[in-house]
Structures are given as C-alpha cells and as structure tokens.
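Protein chains: 2
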Amino acid sequence: MAKNTNISTKALAGFMELLPADQILFNQLRDSIRQSYERYGFIPLETPIIERSEVLLAKAGGETEKQIYRFQKGDNDLSLRFDLTVPLARYVSEHMNDLTFPFRRYAIGKVFRGERNQAGRFREFYQCDIDIIGNEKLAVVNDAEIPSIIYTTFKQLGFDQFTIRINNRKILNGLFDWLGLAAQAGDILREIDKIDKIGAEKVRESLTALGLADSAIDRILQFINIKGDNETVIAQLQELDIDHPQFKTGVDELAEVTKYIIYFGVPTTNFKLDLSIARGLDYYTGTVYETILDQHPGVGSVCSGGRYDNLAEYYTDRKLPGVGISIGLTRLFYKLTTENIIKSDTATPTRVLVYPMMEDLKPPLELAAKLREHGINTEVYTEKAKMKKIFNYVEKLGIPFIAIVGEDEFKEGNYSLKDIRSREQKKVTFDQLVADVSAQCKRTM
Amino acid sequence: MAKNTNISTKALAGFMELLPADQILFNQLRDSIRQSYERYGFIPLETPIIERSEVLLAKAGGETEKQIYRFQKGDNDLSLRFDLTVPLARYVSEHMNDLTFPFRRYAIGKVFRGERNQAGRFREFYQCDIDIIGNEKLAVVNDAEIPSIIYTTFKQLGFDQFTIRINNRKILNGLFDWLGLAAQAGDILREIDKIDKIGAEKVRESLTALGLADSAIDRILQFINIKGDNETVIAQLQELDIDHPQFKTGVDELAEVTKYIIYFGVPTTNFKLDLSIARGLDYYTGTVYETILDQHPGVGSVCSGGRYDNLAEYYTDRKLPGVGISIGLTRLFYKLTTENIIKSDTATPTRVLVYPMMEDLKPPLELAAKLREHGINTEVYTEKAKMKKIFNYVEKLGIPFIAIVGEDEFKEGNYSLKDIRSREQKKVTFDQLVADVSAQCKRTM
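Residue numbers (my numbering), protein chains in the order written: chain A, 86 to 530; chain B, 86 to 530.
Source of the hints: derived by calculation from the structure; they are not laboratory data. Any given hint might turn out to be false.
Claimed, not checked - Below, a list of computed lysine to any residue pairs in the SDA-like style, where the Cα atoms sit at most 25 Å apart:
{"no.": "1", "chain 1": "B", "residue 1": "Lys344", "chain 2": "A", "residue 2": "Glu468"}
{"no.": "2", "chain 1": "B", "residue 1": "Lys344", "chain 2": "A", "residue 2": "Phe495"}
{"no.": "3", "chain 1": "A", "residue 1": "Lys151", "chain 2": "B", "residue 2": "Asn91"}
{"no.": "4", "chain 1": "A", "residue 1": "Lys240", "chain 2": "B", "residue 2": "Ser523"}
{"no.": "5", "chain 1": "B", "residue 1": "Lys95", "chain 2": "A", "residue 2": "Pro129"}
{"no.": "6", "chain 1": "B", "residue 1": "Lys474", "chain 2": "A", "residue 2": "Glu468"}
{"no.": "7", "chain 1": "A", "residue 1": "Lys344", "chain 2": "B", "residue 2": "Glu494"}
{"no.": "8", "chain 1": "B", "residue 1": "Lys158", "chain 2": "A", "residue 2": "Glu148"}
{"no.": "9", "chain 1": "A", "residue 1": "Lys447", "chain 2": "B", "residue 2": "Lys95"}
{"no.": "10", "chain 1": "A", "residue 1": "Lys511", "chain 2": "A", "residue 2": "Ile489"}
{"no.": "11", "chain 1": "B", "residue 1": "Lys144", "chain 2": "A", "residue 2": "Asn91"}
{"no.": "12", "chain 1": "B", "residue 1": "Lys222", "chain 2": "A", "residue 2": "Met443"}
{"no.": "13", "chain 1": "B", "residue 1": "Lys474", "chain 2": "A", "residue 2": "Ala224"}
{"no.": "14", "chain 1": "B", "residue 1": "Lys333", "chain 2": "A", "residue 2": "Ile489"}
To be verified - Partial selection, computed: residues in chain A whose CB lies under 7 Å from chain B:
{"no.": "15", "residue": "Pro105"}
{"no.": "16", "residue": "Asp107"}
{"no.": "17", "residue": "Leu110"}
{"no.": "18", "residue": "Arg115"}
{"no.": "19", "residue": "Asp183"}
{"no.": "20", "residue": "Leu295"}
{"no.": "21", "residue": "Leu450"}
{"no.": "22", "residue": "Ala454"}
We put the CB at the ideal spot given by N, CA and C, even for glycine.
Could you build all of it, start to finish, from the sequences and the hints given here?
Okay, here's the thing in structure tokens:
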C-alpha cells in the first residue's frame, strides 16, 4: 500500500514530543523528582486518566469547563483529568477506610487542558504532585516540611540558586477583614498576585477599579511591601496594630513554619517570606508557596502550592485538611531547555557498543550478555557496515565506548576498547573493560 | 458546601485503581521492565496520548474502530491511542532524519480501548514495548535478541519457569501457498492460533468450515504437531518434502535464530520452537513470539510480538522493517495478583519513621534530614498521638523501623531504634542507626 500523503505525522499543536536525547533528559528530571518525593516517604499513587465528567466538574468553574476534554462513550459522560488534585479527592473519599492518615501521597502523571495554543503552553503535560492529607486535623509542622521537600528536589535537579517564597493566606484574609474588605478578598488577592509581573502602580489601578478607597489601598500596598530577612518580617508583622484573630493566627503560623523550616535543614538563602504571595486559587487557606529560580525569574514559579482546609468536600462529609505542591514538569522542561539552562548529552542508555569484527557471532554476543550481567547497558551492532558508519552511529547517540571483538583479540582472550571521547584504543581483558566503563559511567552520573 | 451524594467516587469500570501496597508492587514491576529494556540499550520514547483520529485509523479495522475513544475538540477530530505501535510508526516517519538506525526504542505507557466490560479486561492499560527498526533492512540476528530480552526481563521480574515459544510466519505461509491455500492463509492462521485454547479437533472443525479438504487439514495438523527439542524440530523441518522458497527461507531463519538465541545466553529450558504459534495479527511476516508462565498457563501469553516487513507504510514511502514485543503490564499485574503469584509487602517507600518524644522538634527533624542525606527514605510523625496509634500506623504501612528521639536519648547523643518485625528496641548512635536500617533494606531488596 502506498503512503497516504494526506496524513500529517506531526504531533498535535500543544503536545510535547521529544527526540531521544531530550526524552532521556526529561526522564532524568522525572526520576529525580520521584526519588526526592520517595525520600520523604510519600506513597506513589496513580489514578485513571479518564474520569466521570461529574467528578471532575463537581467544583470546576468557567475556565476549567471550557478547557476540559469531554466526550461520550456508550452511555458514559467522560472527561480527561485536568489536574491530579481532583482525582486525589475522589480517591481518598472512595478508599478512606483502606488508607492510613496522615496520608502522604505523590503522583506524577499527565493531565489535559485544551488551552489556547501558544508557545510554552501545553495541552497535555506532566504534573508532579505531593500532598499530605490529615483526617480531621493536620499539624502546622507539615507546612514547614513542604519547603524542605522543594529544597531537596530542586537541589537534586542541579539547582543551587532558587528561592521558596512563603506567605500565609490567613494574614491577608485577616487584614482584608479588618479593613472591611472581606467580601472582596478573592478579587483583591488575584490582583496582588500580579504585582511581580505588572508592578505596584498597575495593582493600585486595579484595586481602585475594584472600588477600594485610597487609604485601604495604601494600607494593603504598604503591608505587602514589608521586606527584610525572615526574622525582621515576622517581627514587623507582630508589631502591627492589626487586632484581628485570623490575622494573628496567620502570623503565629508563619512564625512557627519559619522556625521549623530551618530545623528541616533548608538554608535561609533558599527561602523568603513574601507577603505579596497569594496563589489565586480560592481553596488555599493557610501557608502558600512559590518557587523562583533566582537567575531565571522569567521562568515564573517552578513549584507552587499551599495549605487547604478541605480536600474533598464535594465527595465526602469527612473533613480532610491538607498541604501540597505541584511541579509542572512539561512546562519546566520546556523553559529549561529552550533557555539553554539544561542540556542533554546522550541519546541512548547504551554505554558500550559491541562491534563484531569476525564471522562467528558467538564471542561478541557472549561478551554483551556478560557486560549486561555486570549492570552495563550494552548493545551489539549486528548490521553489516563499515567502521565509518559505526563511528557515526556511536557519535550521534553519544555512546562512550566501542568494544571490538575480532579474531585476533578473541584468540588472545582480549577485546579492543575504544574510548570515543579520547579516541584512544587499547587491548583489555574483560575485567579491565568492566572497570574502565564503570569508572567512566560514574564520572558522568 | 455539603457532600454531593449523587457523585460516585468509584473509578470507572475497566479502569485499574490500586491501593498503595499494590501500587508500589506495580511500580516495582514497571521499573524492573524499564531497567531491563535499558540494559539492552533501548531508547525511551514517549508520544502523546491524544493523536489525530486519521493517524490512528489509517490502518485500523472493525474492532479497533469500535473500541477507540474518539472525540471532537474545536475543529479537531481526536482519539486516544489504542497501542504504542501506531504512534511509533508516525513518530519514526516524522523524525526520520533525526533518528539513528537501527533505531532501538522502548515505550512504557497507557493505551485505551473501550472493550466490553469483563473481569481482567481493561479499558485503560499499560503496554511495555520494545522495537528495533531498520532503515530498508534489518539482520535476522535481531530476531534472536528479542527472546534474550524477554528472558532477562522475566528473570528480573522473579520468574524462573517460563517458556518463550517461537515460530516463523514464512514457514506457515510457505506451507499454505504450497498447499494452494495462500488466499486463506489469514483465516487459517487465526484458527491455528486457538489450538492451545480449544484443541485440535475444534480447529479441524473450523478449518473444514473454511472449506479446506480433509487431506490439507491433515497435512496442516500433522505439521503443527511436529514436536521435540529445538534441534529435532529444525531437523524435521529441513527433511520435509515441501519444495517452496518462502517455506525454505522460514526454516533457514528459524535455524539461524535458534543458534543465536543460545549465544545470547538464553537457556534451552526457557525457549521452544512451536509451529502452532501464528499471532493472528496480519502484519507479522517472520519470527513470532509468545511467552507462557509454565506453572500458570491459564494466564496466557505474557509477552508477544514478532518481525514485520514495514512499520509505517501508511505514513512514509521508506521501507522500515522491524521486530518487537509488548508486555501488557496491567493485565499481567491483575493476573499475577488475583492468582496470588506475587504479593506486596509494603505500602510506603518509608524505611524509618522518626517519632519525636520531646517538645522541641529540632533534634527529630534534624535526624530525619540526616537520614535522608544518607539515602534512607524517612518520614517524621508530627501529629500528636499515643504510642499505640504510631504502632498501628507503621504496621499498616509496613515501615520496618521507628527511631525514637526523646529527651534522655538526645542528652546522651543517642536514639532508640525499634525493629518492628523483631519487636526489639535498642539504643544506637547515628552511625549504628544508618547501618542497621541499610542492612535491613538490602535484605528485603
């Protein structure tokens, strides 16, 4: 049958599809995040990609509903999940009696949003989430563990200079209530969230447009402008003349979280109280987080989240407070690679290419099997090809070694090992071959 | 807001959703398969879950088209992938010039089929595929590497007694052509494939129903009944009076593959020539594989595949022969767990639960941070709870150790380490703690 030239073989717009070298790099990041989450004892969890639409749309508002991939199959009204939190809420409600609380779970999986098509926006993308869910209650110290996990995760990804920005929604909400602006808190928070992007003056304009008095706006902008090291910020908050119980609880929580974060081993250079952080989403009720790469602020927050009072109010009467974060891995990867912050250096897991230079394939195939038993990723080049083609193959893929098995070497019980980077070739025994390759693999890990 | 009691929190029928202990076990299998595939130098590849319907349906026939999840989003006619092979064909066609041939890729991912609902059948399930794709040609020795990968993979999964059954479609097709039954080859192969399930007599009835003469049926059944060790089968095939070029090529290939498999290190107890294996799918053109767990034949083939002439004829004019296999991991996992062939023993990655028995959380949090730095998965129990509740927590989750940090221990610079299995508790230094936990973790790996 001939090619059907009408069929486009491109991946759909907004769907990431990587070449081998980038896919390997992507997997390294994903593995690293997973290892870091498990280091903190989070339990892996996987829920289906397809859910009943009524589950996903129980809470969802306008934007989500427009973006969702929804379809009918037989009698079922189905949708693709648009985040990992709603499925978690359903899962915990369903399996409540089989779970152990506090329930610490991580999930790394694809979610789907039919967003408007633009560079850096994906319609199918990975989220890497952790959440700690309490049954009826959950201690504030958990809010301090989260920055510790963010810290470990980004360190392990290879970053040193990043800042976890922390705030507490009770402080903001208490302030607004004290100012008589409680009803508008959501709208005000949304505007404040933009201060980094659009600046204080634009925020002032938006707040004026919301009908706030100049005195209230002054008070809010002064407030979110409280700056300094963490002790200074806490001290300033404690000295403020705002006599409001929610505000005071928020300040106490923030002080406690700040103290514990240090016990968890996070350096003070990597976290910072920032009273302007609000995280637009309505369900955060306490501590909130954002994470900025210091040298690449344009990338935006690479890890965000917060404390919420009730995970699953739409599915169960049980009160399930929790705290969690999410890394949008697909977008993060896209930013890191397009801005050349990270780069892939190999397009294969193979460390040794065995190249048979003799008719009898027994010695080369046996060598490959033995190398694999020693934990070395090995392939055999079995196609008929000239040496030049072989070199082209290993160089394109980034394979560091060729082990040549020829008649002469075989008679001597040796192999010729070629180091592709140094271009050196030497005769080695099997043990030397394993030692050389293992040493090189360790260096590049 | 109160619970919306109309919303079912169950996962949809046909969609696997695991509790933590089973999820961890599932992940162990998936990781093991991945490691095994990488050991052979296969490149990880991921394609989107959503594709253009025209791509997926370019070849698909009746059943696939009925089962596919297809929907409209904006102007796009979209579908969820139903296997990993069609997306691979599209990918290779699209990225041909960026790939290196032979192209060795593995893919582990979810696929979707709206099958009729029945136990053990899943609508969303994992496939774990490898394929070796040649550009215009691909040596037969690759067909021998595949059983070697199956062998390594199932050994690493913990199985010893399994049999990789091997045949070559050219032999069967040559035989049918020689019998003047070439036009019916597909139908005949489909019936032969059922011989294990329904027996020879039922197959005879089906072949009679297809209009085959008794003499031809005798010849076919005699043929697929050729038994014995691998050398005997090859010898018998070579002695047959079937003078047909395709038949002879098939016998030669099977002989070559059998020779190389042994070089690759597969014990003769783990593979077997079986002339009844046909693998219904029309696109296999050479070597074909099935894998049976010897003690659990009812599970069916746990890993199947074969050689094909042309991967991507619908998307490119380039000829891309290949050979590959697929493990249906979700179904395999379901069978292995429901038949109690494998069992999970832990419901968390955590190895040590740090339990603070003092007001000041600094020492316990610092201990946890230090343990994590030593690569030990650690969590801290920070909720207020009695000792009995803590024990219940670690036993339900299968956490092997509790490290108690109390005032007395802290003053002495020690910790109390409780081994949950032996119920022993002893005072240890940090180094002893790390050594004890590491030793236990190694034992259970």
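Right, here's what the structure says about each hint:
Distance restraint check for B:Lys344 and A:Glu468: the Cα-Cα separation of roughly 17 Å lies within the 25 Å cut-off, and the hinted pair is therefore satisfied. A C-alpha spacing of about 20 Å is found between B:Lys344 and A:Phe495, which places the hinted pair at or below 25 Å, so the restraint holds. For the given pair, A:Lys151 sits about 23 Å from B:Asn91 by alpha-carbon distance, which is consistent with the 25 Å threshold. A distance of roughly 24 Å separates the Cα atoms of A:Lys240 and B:Ser523; the hinted pair therefore holds under the 25 Å criterion.
The suggested pairing of B:Lys95 with A:Pro129 holds, with an alpha-carbon distance near 19 Å, which does not exceed 25 Å. In summary, the hint linking B:Lys474 to A:Glu468 is not supported, as the alpha carbons are separated by about 63 Å, beyond the 25 Å threshold. Taken as a hint, the A:Lys344 and B:Glu494 pair is honoured in the structure, with Cα atoms around 23 Å apart against an allowance of 25 Å. A C-alpha spacing of about 15 Å is found between B:Lys158 and A:Glu148, which places the hinted pair at or below 25 Å, so the restraint holds.
A C-alpha spacing of about 54 Å is found between A:Lys447 and B:Lys95, which places the hinted pair above 25 Å, so the restraint is violated. With a C-alpha separation of about 10 Å, the suggested pairing of A:Lys511 with A:Ile489 holds against the 25 Å cut-off. Taking the CA atoms of B:Lys144 and A:Asn91, the gap is about 14 Å. The hint holds against a cut of 25 Å. Of the pairs offered as hints, the one joining B:Lys222 and A:Met443 holds, with about 21 Å between alpha carbons and a cut-off of 25 Å not exceeded.
For a cut-off of 25 Å, the pair hint linking B:Lys474 to A:Ala224 stands: about 16 Å separates their Cα positions. Using a Cα cut-off of 25 Å, the hinted pair B:Lys333 and A:Ile489 is violated, with the two alpha carbons roughly 33 Å apart. A distance limit of 7 Å between C-beta atoms decides the matter here; for A:Pro105 the minimum to chain B is near 5 Å, and the interface restraint holds. For A:Asp107, the interface hint is violated, since its Cβ never comes within 7 Å of a Cβ in chain B; the closest pair sits about 10 Å apart.
Interface hint status for A:Leu110: violated, as the beta-carbon distance to the closest one in chain B is roughly 11 Å, over 7 Å. A least Cβ separation of about 10 Å between A:Arg115 and chain B goes past the 7 Å threshold, and the interface hint is therefore violated. With a cut of 7 Å, the hint placing A:Asp183 at the interface with chain B holds, because the nearest CB-to-CB distance is about 5 Å. A distance limit of 7 Å between C-beta atoms decides the matter here; for A:Leu295 the minimum to chain B is near 25 Å, and the interface restraint is violated.
Among the interface hints, the one on A:Leu450 holds; its C-beta lies about 4 Å from the nearest C-beta in chain B, closer than the 7 Å criterion. For A:Ala454, the shortest C-beta to C-beta distance to chain B is roughly 4 Å, which falls under 7 Å, so the interface hint holds.
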